[in-house]
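Visitor: Each chain, letter by letter, is given below.
2 protein chains.
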Amino acid sequence: MNLTGEMLIGQTAVKGSRDPIQAINPATNERLEPGYPGGTQAEVERACQLAWDAFDAYRETSLEARAKFLETVADEIEALGDALVERAVAESGLPQARIQGERGRTCGQLRLFARVVRDGEWLDVRIDPALPDRQPMPRVDLRQRHVALGPVVVFGASNFPLAFSVAGGDTASALAAGCPVIVKAHAAHPGTSELVGRAIQAAVKKSGLPEGVFSLLFGSGREVGTALVSDPRIKAAGFTGSRSGGLALWKAAQSRPEPIPFYAEMSSINPVYPLPAALKARGEAMGKAFVGSLNMGAGQFCTNPGLVIARKGPELDAFVAAAGEAVKESGAQTMLTPGIFEAYESGVAGLAGSGKAREIARGAKGEGPNQCQTGLFVTSAADFLGDEALQAEVFGSTSLVVECADDDELKQVTEHLEGQLTVTLQMDDADTETARALLPALERKAGRILVNGWPTGVEVCDAMVHGGPFPATSDSRTTSVGTAAIFRFLRPVCYQDLPEALLPEALKQDNPLKLKRLVDGKREG
Amino acid sequence: MNLTGEMLIGQTAVKGSRDPIQAINPATNERLEPGYPGGTQAEVERACQLAWDAFDAYRETSLEARAKFLETVADEIEALGDALVERAVAESGLPQARIQGERGRTCGQLRLFARVVRDGEWLDVRIDPALPDRQPMPRVDLRQRHVALGPVVVFGASNFPLAFSVAGGDTASALAAGCPVIVKAHAAHPGTSELVGRAIQAAVKKSGLPEGVFSLLFGSGREVGTALVSDPRIKAAGFTGSRSGGLALWKAAQSRPEPIPFYAEMSSINPVYPLPAALKARGEAMGKAFVGSLNMGAGQFCTNPGLVIARKGPELDAFVAAAGEAVKESGAQTMLTPGIFEAYESGVAGLAGSGKAREIARGAKGEGPNQCQTGLFVTSAADFLGDEALQAEVFGSTSLVVECADDDELKQVTEHLEGQLTVTLQMDDADTETARALLPALERKAGRILVNGWPTGVEVCDAMVHGGPFPATSDSRTTSVGTAAIFRFLRPVCYQDLPEALLPEALKQDNPLKLKRLVDGKREG
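Which chain is which? The protein sequence lines are H and R, in order. In this text, residue positions in the first sequence follow this note's numbering: the first is 1, and each later residue adds one. In this text, residue positions in the second sequence follow this note's numbering: the first is 1001, and each later residue adds one.
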């Protein structure tokens, strides 16, 4: 497929009029053709109107039709073949195997949401039948289901050009909920975005859905992004990216005459706690494995372990020494964009120049452009507690070890943490009580708690929580990975005494959709 | 029980230091003893610290212990006996039978939440067991449950001094979720608040719970209310009241370094649609019944029908004429407070003086203080569409009929509406297709859709939605009445590869709590 540099608005392709966005191959700093001229308020207007026009019909598609549509999107993405992988590799600097894996995850999560749609549990049907003879007052017939919120804007993320971009988790869950989606493409991978966008566009057509179910816009965050979030026809938005970018759009969403849910996944340093017995038994091996996680995807995972918190002592020293050796052996890796590379360099320089963090080791210096050097630093609990800057995320493969004098200090550091996507315990049996004492604080701080694993790598399944208290996300009540993500785009509606002819299928008396409904306080089926 | 005029902070009673709040019997304008001196930042600090200290223990109470606690609260409220009813009648001007009914609802909803807690569905347990042999990558063991958000602030509402105040729906659902609660009492009924607060305080003690599970503060919204919502230990808040008050506190909640969910139930005019066939068949009876709903509780229900939207014509004229007759026969009723009465008078005067609304009828003028006169006005669709002020809520027993020339205009008026708690269709069989055409818009506009009923009267059950798009509430994804209200105060946490010894009861392998868990995509039990 030839890339045209156009935006996709419903079933049409439209060339923008603003300065073109052009992808850069970060491995070579070469500019990739074509340019993608940005959109304006006119294209925002057109995409929003189409999405609005499509909404009532799309949200009432049958469960089977909507599931089939999601599967068709996956099929169409797979049908793009090697062209998609090549373009994504060129635009992201990520290895081919990683992009192939990410494509599998992307299509897998679309198909998983197809299963979720068919199951229908997301409708959360609750029925309280009429009790005409109840004293002192009869009860009316009350039936509840969930309906889609409305058109949703999705901001593509740079670090997962497939799995968290145009057809990524936010798009899949919003489409599953019955919401039309307008994607604001990330500037780092416009060609990948066009390819995937055209796959979705084709799936919309093949599925006979209203064209406004999907649009893809290019352009600046300030112009197109803010205009989308501010449009009254948009009823929610999903975002994965930086804290500053997320907060700016979040504020725009809250400043509307009608505020809307804005799901931003922003900033997390994912603390790792090597506990005493585990440190003693396997500090060295743990140090090496830790650096393996730190280097995953050039440290550009949202769940990258940017912080280690442990009791000071020879066992921790052994861990740090082993980790330092592994850091020294870490090859340079190409980062996603020149901008991300620069931010990483300046973040590491800030840490090194803070006077509060001691450098343990740096990895190999890269020979090509935009290559990150892994880094490991150590600080004291006192310095960490005294300087907010040490808690800021350095997006990339650098981590900071916080040495705590005793359990009290360790608890203090823990309570001082901002919200996180993950926290990880490395523990042996003898650490059980130490872990138990830490757990309540960890539950308050993070969306996912791991034992003896590493936070990088997020399974797409029912039980996953990729979320957490602010600033990990803007809404700790939700997850952006896994099937529960669908609930972000739904709201309950109650129907009182509706005649059978007007009831939605999900609520009809004889349960034609065979749902497990909550009837009079008891679960059916 | 003698009222002392004190705040309740944990198990202590504390006299405030600010100007005393004193209840006024709206039926007589008499001041009721004692005065309730307001709290300051010092009491906010103390209550928040106690709530925070109680949080980790309270959120992990067993399902049975927490359910029993809610039942004990209900028992203690009932044990207050007639003293509570008398005081609430004196402070609210509401009839004794209404207050008795409201006490029944209040205790009923506490016991309903006890059932919800025991059932454990709110934990939403999801388990994806490890798949060590999966290719290309093994799956780790992932288990999700919901945990309480943290200490919650509840703002008591004036219009339900029991059911939506100190031990009302917000408090019951937050306590059920495992959140300590700090209530900021409404100034209109401080004595009722103290009585109910002391009942909860006694239940906390009898249940052996940490004292910070409940506190009750008096004071100004600006000082005490804002301080509570801004405190970093507070993780959510519930509010029922005016749009201006709700929005001010909502903004404070969003302006924190860590924004928190703020559930405000604010403003709704609850449109009623008498459809053509129904109007023709029973316009007169419908007009009378409508005024019955309009006059409920002196029009001070959140779901009061403040708007009628219908096709112009002789059938609507008959409805309006009958409603007008019923309005003329409506006796004056005492409103909740002098302030609410004044706001009502000024709202009605604004409508009458707008030049765009024709007065059809007014009810009897009261002889006592603070007595509202029922009102009915008519306007044209064009005027309604052209003047935002006509859509503003007049809190009290006045309603506005919007005459539409045709179905197009009716649709335009509908799309123009702000978000609502309820919309009501009055219809006969012959109206089915008209209703079907309206339904998508109504689903987008309201949390509850009624057929051939009246919106006043909200059943507390599983299927209820007392919520709706902004400005009906600040968060359309939730309800503040009914069992689903518990989800407002929960967030998911995922546990990866935790040893059995550290797993919460709800997630242990042999399902000791006998929950209906989602295991590997299938529902257990």
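Source of the hints: derived by calculation from the structure; they are not laboratory data. There could be a bad hint or two in this list.
Per label pair, the in silico range of CB-to-CB distance [said to hold, decoys possible]:
| id | chain 1 | residue 1 | chain 2 | residue 2 | range |
| --- | --- | --- | --- | --- | --- |
| 1 | R | Arg1139 | H | Ala501 | 42 to 50 Å |
| 2 | H | Lys508 | R | Ser1062 | 32 to 40 Å |
| 3 | H | Pro314 | R | Arg1139 | 33 to 41 Å |
| 4 | H | Glu33 | R | Ala1392 | 31 to 39 Å |
| 5 | R | Lys1522 | H | Gly108 | 13 to 21 Å |
| 6 | H | Pro95 | R | Asp1497 | 23 to 31 Å |
| 7 | R | Ala1389 | H | His416 | 44 to 52 Å |
| 8 | R | Gly1292 | H | Gly521 | 50 to 58 Å |
| 9 | R | Ser1230 | H | Asp82 | 51 to 59 Å |
| 10 | H | Glu342 | R | Pro1259 | 24 to 32 Å |
| 11 | R | Met1001 | H | Pro232 | 34 to 42 Å |
| 12 | R | Asp1497 | H | Asp406 | 39 to 47 Å |
| 13 | H | Arg436 | R | Gly1292 | 42 to 50 Å |
| 14 | H | Thr12 | R | Arg1115 | 25 to 33 Å |
Since the model is a prediction, treat every value here as computed from it, not as a measurement. Note that beta-carbon positions come from the ideal geometry of N, C-alpha and C, so glycine has one too.
Visitor: Range first: 50 to 58 Å. Now tell me if the beta carbons of Gly1292 of chain R and Gly521 of chain H are that far apart.
Guide: 30 Å, violated
Visitor: CB of Ala1389 of chain R to CB of His416 of chain H, is that within 44 to 52 Å?
Guide: About 50 Å separates the Cβ atoms of Ala1389 of chain R and His416 of chain H, which means 44 to 52 Å holds.
Visitor: Is the hinted range of 39 to 47 Å satisfied by the C-beta distance from Asp1497 of chain R to Asp406 of chain H?
Guide: Violated, since Asp1497 of chain R and Asp406 of chain H (Cβ atoms, about 27 Å apart) do not stay within the stated range.
Visitor: Could you say whether the range 32 to 40 Å given as a hint is met by the Cβ separation of Lys508 of chain H and Ser1062 of chain R?
Guide: The hinted range 32 to 40 Å holds for Lys508 of chain H and Ser1062 of chain R, with Cβ atoms some 39 Å apart.
Visitor: Quick one: are Pro314 of chain H and Arg1139 of chain R within 33 to 41 Å, going by C-beta?
Guide: Since Pro314 of chain H and Arg1139 of chain R have Cβ atoms about 36 Å apart, the given range 33 to 41 Å holds.
Visitor: Are Pro95 of chain H and Asp1497 of chain R spaced within 23 to 31 Å by their CB atoms?
Guide: 27 Å, holds
Visitor: Does 25 to 33 Å hold as the CB distance between Thr12 of chain H and Arg1115 of chain R, or does it fail?
Guide: 54 Å, violated
Visitor: Is it true that Met1001 of chain R and Pro232 of chain H lie within 34 to 42 Å of each other by Cβ?
Guide: For Pro232 of chain H against Met1001 of chain R, whose Cβ atoms are near 52 Å apart, the range 34 to 42 Å is violated.
Visitor: Between Arg1139 of chain R and Ala501 of chain H, does the beta-carbon spacing fit 42 to 50 Å?
Guide: 46 Å, holds
Visitor: Just to be sure I understand the hint, the distance between the Cβ atoms of Glu33 of chain H and Ala1392 of chain R should be within 31 to 39 Å; is that true here?
Guide: 56 Å, violated
Visitor: Confirm or reject the claim that Lys1522 of chain R and Gly108 of chain H have a C-beta distance inside 13 to 21 Å.
Guide: Roughly 19 Å apart at Cβ, these two residues keep to the hinted range, so it holds.
Visitor: So does Ser1230 of chain R sit 51 to 59 Å from Asp82 of chain H, Cβ to Cβ?
Guide: This hint holds: roughly 55 Å between Cβ atoms.
Comparing the model with each earlier hint shows violations of hints 4, 8, 11, 12, 13, 14; every other hint is respected.
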